[in-house]
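Novice: Residues per chain are reported as follows:
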Amino acid sequence: MALLEVENLHIFYGHVHALKGITFHVNEGEMLTLLGANGAGKSTILRAVSGLLRPRQGRIVFDGKDITGLPAHQIVRLGVSHAPEGRKIFPTLTVEENLNLGAYSRWRDRTGVEESRRLVFRLFPRLAERRHQLAGTLSGGEQQMLAISRALMARPRLLLLDEPSLGLAPLLVRAIFKTIKEINAQGVTTLLVEQNARLALKLAHRGSVLETGNIVLSGTARSLLADERVRKAYLGER
Amino acid sequence: MDRYLKAIPPRAWYVAAGLLLVVYPFLTNDYWIDVANFFGIYAMLGLSLNIIVGYAGLFNLGHAAFYAVGAYTTAIINTTFHVPILWLVPLSALTAAGFAYLIARPILHLRGDYLCIVTIGFGEIVRITLVNNPLGLTGGPNGVLGIGRPSLFGLIIKQPLHFYFLIWAFVLLIVLGTKRLEESRIGRAWNYIREDALAAAAMGIDVARMKLLAFVIGAALAGVAGNIYASKMAVISPDSFTFWESVVMFSIVVLGGVGSIPGILVGTFGMFVLPELFRGFSSARMLVFGAAMIAMMIFRPQGLLPSQRWRRAMVDETVGLPAAGLSKTS
Ligand SMILES: Nc1ncnc2c1ncn2[C@@H]1O[C@H](COP(=O)(O)OP(=O)(O)O)[C@@H](O)[C@H]1O
Ligand SMILES: [Mg+2]
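Chains as they are written, first to last, in our numbering: chain A, 1 to 238; chain B, 239 to 568.
Source of the hints: derived by calculation from the structure; they are not laboratory data. Since the model is a prediction, treat every value here as computed from it, not as a measurement. We treat Cβ as the ideally placed atom computed from N, Cα and C, and that holds for glycine. Warning: the hint list may mix true and false statements.
What the hints assert, rightly or not - Just a sample of chain A residues kept apart from chain B, beta carbon distances all over 10 Å, derived:
no.	residue
1	E5
2	S50
3	D63
4	G112
5	L123
6	P170
7	A175
8	E182
9	V188
10	L199
Said to hold, decoys possible - Pairs of lysine to any residue residues, derived as SDA-like cross-links and limited to a Cα-Cα distance of at most 20 Å, are as follows:
no.	chain 1	residue 1	chain 2	residue 2
11	A	K88	B	R432
12	A	K88	B	D434
13	B	K417	A	K65
14	A	K65	A	H132
15	A	K202	A	V188
16	A	K88	B	E433
17	A	K88	B	V445
Please construct the entire structure, taking both the sequences and the accompanying hints into account.
Specialist: This is how it looks when you write it as structure tokens:
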């Protein structure tokens, strides 16, 4: 069953036609990765799904409900959580305060939030050690962990991750990707945007390749890893 | 200097301030009591604007309009229907809030500087409307005369000393109320929005509604200040609600420390009481204000008594102290 269905999505930034009729779906429990070069429109797709951008045309259906044009705060409440590009954590708040923000819409559910906090600290023990530290003073990797954790605090059914590997050392990237896999294995459907195609395809079940606002290729992760065009353009092989 | 100030426990500050507040009027004359009265009214205005500018981060340079709506609501209804002044407090708050709701809804999506310009225009429109005496209600340039005095438990509040206690009781209530608000879930939402509205929206905060709420609550409190001002003066006219008034309120917030309640009180002192002390220089008042603002922006952009969040941000960026040490002190 598809948890997220995106149909013929068109997004404009002023006159810039950023998405030119995108169609894809993510099945319940699955991890789909969106690959593509800088400026292809990957982040734009995530922003549209989480309600930060309004589509000019097309339909976004989450869990059978049409969420096209719904404001972001309502979409979060339905169970879609977005860890945006560049992390967007609040540097002058502590780690814990950032996490509380992630649980903002769950203020009536104290025990549930506490449970999520425990889960997040189990996934990222380094955050637990630094819970009273200002987020702006965390290392890049820790900030990324915080961004993912904050998104998890909303207890999402669909997690949108925008380039979690950006600017991180390879060893750290591997550790974070391992945790992302674990999160997905626990049943959180994941839409992963990445430029690091090799790692993303090792992790995800399926992938789609984006070029200047169009999906040019889709398939299982295995088939994409084997695909000639993908190997040339995104895996740096010749 | 900050370090010495911090060494004094907050409770000592409160006790000292409370004591000073109570004994002050008995140590001075009516003139200085009235200075304290206007200090109180401006403190209310500063605190109310602080909700909009300091908490929600929305630039509003037309706050005098809400103050005017509150004052004229009280003045007109009191003089025509003789409704007691203090009964009109909630009504003044409500009309100012309703007004803010109507005005703010269509313009809140504007970016900082644009919003600023629109609020200036709006403030002027309100003032000019008052001058034009619509339906013969506002009395035109002369304003409304013969506004009644508040009465409490049979005591008619008329002397500066009586007003002093009324005004400062309101200031105290507003301080406590805004403090609660600041620490509430709503206050935290404003904080997030101010720092990064897009990230806040992505986390499930209804940004548009929260901004509107800041405007409405801030306006309501300005309306309360308007009510008290009207009955204190007994006469109000459009001259009391000029753009300059909005500038003074805005400066109070910026001078004292955006988002900080003690900062607002200090800022009010700076903007209102100091010029009173240096009355001899009154012709150069604008010049001194301008110079002081520029000096502030260069030497202490966070304000005289900044909110904790500001303090953290400044330390974080300028000194880069090891974070573990920082978190323990804050
Ligand atoms: N805020 C914006 N204003 C105008 N154009 C934008 C904005 N954000 C992105 N774009 C444009 O939309 C296209 C897709 O951008 P984006 O989705 O960020 O790409 P990606 O995430 O794949 O690198 C690019 O051409 C980019 O220049
Ligand atoms: Mg991107």
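Novice: Each hint needs a verdict: does it hold in this structure or not?
Specialist: How the hints compare with the structure:
no.: 1; hint: E5; verdict: 21 Å, holds
no.: 2; hint: S50; verdict: 6 Å, violated
no.: 3; hint: D63; verdict: 17 Å, holds
no.: 4; hint: G112; verdict: 14 Å, holds
no.: 5; hint: L123; verdict: 19 Å, holds
no.: 6; hint: P170; verdict: 25 Å, holds
no.: 7; hint: A175; verdict: 21 Å, holds
no.: 8; hint: E182; verdict: 23 Å, holds
no.: 9; hint: V188; verdict: 17 Å, holds
no.: 10; hint: L199; verdict: 24 Å, holds
no.: 11; hint: A/K88 x B/R432; verdict: 13 Å, holds
no.: 12; hint: A/K88 x B/D434; verdict: 8 Å, holds
no.: 13; hint: B/K417 x A/K65; verdict: 41 Å, violated
no.: 14; hint: A/K65 x A/H132; verdict: 39 Å, violated
no.: 15; hint: A/K202 x A/V188; verdict: 18 Å, holds
no.: 16; hint: A/K88 x B/E433; verdict: 10 Å, holds
no.: 17; hint: A/K88 x B/V445; verdict: 16 Å, holds
Hints 2, 13 and 14 from the list above are not met by this structure, while the remaining hints are.
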